[in-house]
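Modelling step: build the complete structure from the supplied sequences, incorporating the hints.
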Amino acid sequence: MEIHSPEFKANARIALHDASLQKALGNLRDGFPRKRAIAVSRLPEFEQLRDQARDLKNHILSHLDLYLETFERNCTANGGQVHWAADAEQARQQILDICRSVGAKTVTKGKSMISEEINLNDYLEQHGVQPVETDLGEYILQLRHDHPSHIIAPAIHLNLEDVSDAFHEHHPKYGFTERTEDAAELMAEARTVMRKHFVAADVGITGANFLVAETGSSIIVTNEGNGDLTQTLPKVHIVITSIEKVVPTLEDMSLFLRLLARSATGQEFSVYNTLSTGPRRSTDQDGPEQYHVILLDNGRSDMLGSEFQDMLRCIRCSACMNHCPVYGSVGGHAYGWVYPGPMGSVLTPQLIGVDQAGHLPNASTFCGKCESVCPVRIPLPKLMRHWREREFERHLTPSTVRQGLWGWAAFAKRPTLYRWMSRSANFLLRRLARNGRISKLPLATGWTDWRDMPAPQQGTFMDQWKKRQQSEQQQGGLL
Amino acid sequence: MNSGREQILAKLRAKRDTSDAAEQAARQRVAERIQHHAPVLIPARGLGDKAELLARFQQMATEAIADVSLHETETAALAAIADQLQQQGITSLVTTADAQWQQHDWASQGIQCQVRPAQVGDHASLTPCLAGIAETGTLMITSAPHHPTTLHFLPDWHLVMLRSSQIVGSYEDAWTRLRQQNQQTGGMPRTVNMITGASRSADIEQRLQMGAHGPKRLIIFIVMEN
Chain Y
1 MEIHSPEFKA NARIALHDAS LQKALGNLRD GFPRKRAIAV SRLPEFEQLR
51 DQARDLKNHI LSHLDLYLET FERNCTANGG QVHWAADAEQ ARQQILDICR
101 SVGAKTVTKG KSMISEEINL NDYLEQHGVQ PVETDLGEYI LQLRHDHPSH
151 IIAPAIHLNL EDVSDAFHEH HPKYGFTERT EDAAELMAEA RTVMRKHFVA
201 ADVGITGANF LVAETGSSII VTNEGNGDLT QTLPKVHIVI TSIEKVVPTL
251 EDMSLFLRLL ARSATGQEFS VYNTLSTGPR RSTDQDGPEQ YHVILLDNGR
301 SDMLGSEFQD MLRCIRCSAC MNHCPVYGSV GGHAYGWVYP GPMGSVLTPQ
351 LIGVDQAGHL PNASTFCGKC ESVCPVRIPL PKLMRHWRER EFERHLTPST
401 VRQGLWGWAA FAKRPTLYRW MSRSANFLLR RLARNGRISK LPLATGWTDW
451 RDMPAPQQGT FMDQWKKRQQ SEQQQGGLL
Chain Z
1 MNSGREQILA KLRAKRDTSD AAEQAARQRV AERIQHHAPV LIPARGLGDK
51 AELLARFQQM ATEAIADVSL HETETAALAA IADQLQQQGI TSLVTTADAQ
101 WQQHDWASQG IQCQVRPAQV GDHASLTPCL AGIAETGTLM ITSAPHHPTT
151 LHFLPDWHLV MLRSSQIVGS YEDAWTRLRQ QNQQTGGMPR TVNMITGASR
201 SADIEQRLQM GAHGPKRLII FIVMEN
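For the record, the sequence lines run as chains Y and Z. Take the first sequence: its letter number 371 is residue 371 in UniProt numbering, and every next letter is one higher. Take the second sequence: its letter number 20 is residue 20 in UniProt numbering, and every next letter is one higher.
Certain hints may be false.
Taking CB as the label site, the calculated pair distances span [said to hold, decoys possible]:
no., chain 1, residue 1, chain 2, residue 2, range
1, Z, 43, Y, 73, 26 to 34 Å
2, Y, 397, Z, 24, 20 to 28 Å
3, Y, 87, Z, 224, 54 to 62 Å
4, Z, 110, Y, 87, 31 to 39 Å
Below 20 Å or equal to it, Euclidean Cα-Cα: the simulated SDA-like pairs (lysine to any residue) are [as the list claims (entries may be wrong)]:
no., chain 1, residue 1, chain 2, residue 2
5, Z, 11, Y, 35
6, Z, 15, Y, 56
7, Z, 11, Y, 351
8, Y, 35, Z, 206
9, Z, 216, Y, 183
10, Z, 11, Y, 313
11, Z, 15, Y, 86
What the hints contain is simulated information worked out from the structure, not anything from laboratory work. A quick note: this is a predicted structure, and the numbers were derived from the prediction, not measured. All C-beta atoms in this analysis are idealised placements derived from N, C-alpha and C, irrespective of residue type, glycine included.
Written as structure tokens, this is what we have:
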């Protein structure tokens, strides 16, 4: 996927004026947060599970090489093949080599954000292998030459009409000549068309939500069942995943599964949680003959031991973006690369560079909602602040921002001047107010065009503090 | 071939204390965690007596949009299945070899029962399962030489026979059953399916539609055992 993160501001402006996108985003705001809240309220142990998930992830990260080696050993013992990819190029090459070794023409794909991260589809197409996305949302996007705008609801930026248009353009060759705007009929079309692809594919590629070191297994979590058909019907199953996905045991995986669906869609459990361990056994009647797992690093090992290590706990549930007022206003495409929302604002600068993605950690009101819903308690606002600091240190912030900060510092570091200025501002603001509200304010029309500014009710904080301390002393220090 | 391997592992190792004592302690912690595979925290809803777990399984599976019914015997369940297929005009059924369900008198109700992996176009499959997990109404089903995985995904309807003794409280209880089975069969099966309700998607405008790529209906027949 091409990088458009440097254009975040322009992207956001366009998104805010895109009526169709705004309509589609309304579906998100009304849906996921409410469903998550219900699911959480039904599981009294939820907060305790979050603490344990955070602690377990920290334990895994401090033993990551050992758990990965254990995974490799057990996967291999069950007949699987493990490949290690330091970067995107190595991962793409390994996947293409496997496809070529079986003369693959078409490849079905389950939903995988890692495959977006390494830009796998374009690469395969350029080398003569046709990828077919099988998740309904991803399939719609592939027909439209579009990209996911959300990590679990990839087509959330589209409306029913967009899907109708895409199917009407591409499905007549399968016998579907009538345009329909019935969502159930559209899904039935996709089901029929996709069956042909499932059967014809030579290789099936899926991601993995977790890898289990104990058994050498990978697990996918889906609702549609497309991932299962992708990994069961072709001769070869390739799992493309990243190194931080490993967990020690099946019991440890259960902890994360209890948090994942509830945090993501608000379901008690996703419909299909499927463990794959090695290729089909010699006497099995179906299943792939080869099972490959690609372990991608691509910058993650650099995060280990750094101030961004906490981000490696992420289980890709999407709760942070579902609850984010910025994501909810501009959608995922504005972020300009694979990972949107708060988790993307922390991860993207690491993966493509803060020089390219510096806008993203600034695109936050720091309201803290993301951290408050994160199932593994990643301190997302703090991590975004670290990126802002790095950006400032490297002189990447715009000069207006630097000058503004310099001006602020000039006051903030001089208490007498600062108090005098704030007292004057307080006085002036109170004079400007009508009925306690200010409806027009020079230099702040970005605010007052939309809403009134509340006027200060009393003196400055320092004045009030002084007064309070005096009255406490008069009352003998007791309040 | 795996130059990436040494590169990645070396970078990960460089981030932790690998002095002899620390390395030995770290390896021991990892080995013990894997060997003991202790549960982390099992929510209260994964605990209960037999009757409670049966009721919870029924409630949670129904909520997840599966059809659940109780039957006194397996024969009674098979008769109910045949009736249901006949009512819907379904004349073919694919099933697994192990349960000998193909021996049932399907023909008298105009149903052809076959033992084979599923194919595109199959209307209904009938399979056994390893466990029913009460906490979320989830079925655990494993692949085996006589039990192809395609039966769970290609047919329009997936029918599952669940014995009441197979109902457990939590995922952890189901892993225990899986480990017992693995001891008999010699290891992990290729596929472990955890299935909760029928296939669905909300990818079009976040509106839930049933029957995306997997079965449009999941129908569970619970056979009561003492």
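Pairwise hint evaluation, residue 183 (chain Y) against residue 216 (chain Z), where the allowed Cα distance is 20 Å at most: Holds. Residue 216 (chain Z) to residue 183 (chain Y) sits at ~15 Å (cutoff 20 Å).
20 Å limit on alpha-carbon distance, applied to hinted pair residue 15 (chain Z) and residue 56 (chain Y): Given pair residue 15 (chain Z), residue 56 (chain Y) holds - Cα atoms ~18 Å apart, limit 20 Å.
Restraint status (C-alpha distance of residue 11 (chain Z) to residue 351 (chain Y) at most 20 Å): holds, 17 Å
Restraint check for residue 11 (chain Z) with residue 313 (chain Y), where alpha carbons must lie at most 20 Å apart: With Cα atoms ~18 Å apart, residue 11 (chain Z) and residue 313 (chain Y) stay inside 20 Å; holds.
Distance restraint evaluation - residue 110 (chain Z), residue 87 (chain Y), Cβ atoms, bounds 31 to 39 Å: The hint (31 to 39 Å, Cβ to Cβ) is violated, given that residue 110 (chain Z) and residue 87 (chain Y) are roughly 60 Å apart.
26 to 34 Å as the expected CB spacing between residue 73 (chain Y) and residue 43 (chain Z), which holds or is violated: holds, 32 Å
Whether the CB-CB distance between residue 397 (chain Y) and residue 24 (chain Z) falls inside 20 to 28 Å: With Cβ atoms ~47 Å apart, the hint is violated.
Residue 87 (chain Y) paired with residue 224 (chain Z), Cβ distance criterion 54 to 62 Å: With Cβ atoms ~57 Å apart, the hint holds.
Pairwise hint evaluation, residue 206 (chain Z) against residue 35 (chain Y), where the allowed Cα distance is 20 Å at most: With a Cα-Cα distance of about 12 Å, the restraint between residue 35 (chain Y) and residue 206 (chain Z) holds, given a limit of 20 Å.
Given pair status - residue 86 (chain Y), residue 15 (chain Z), alpha carbons within 20 Å: holds, 16 Å
20 Å Cα cutoff - pair residue 11 (chain Z), residue 35 (chain Y): violated, 41 Å
Comparing the model with each earlier hint shows violations of hints 2, 4, 5; every other hint is respected.
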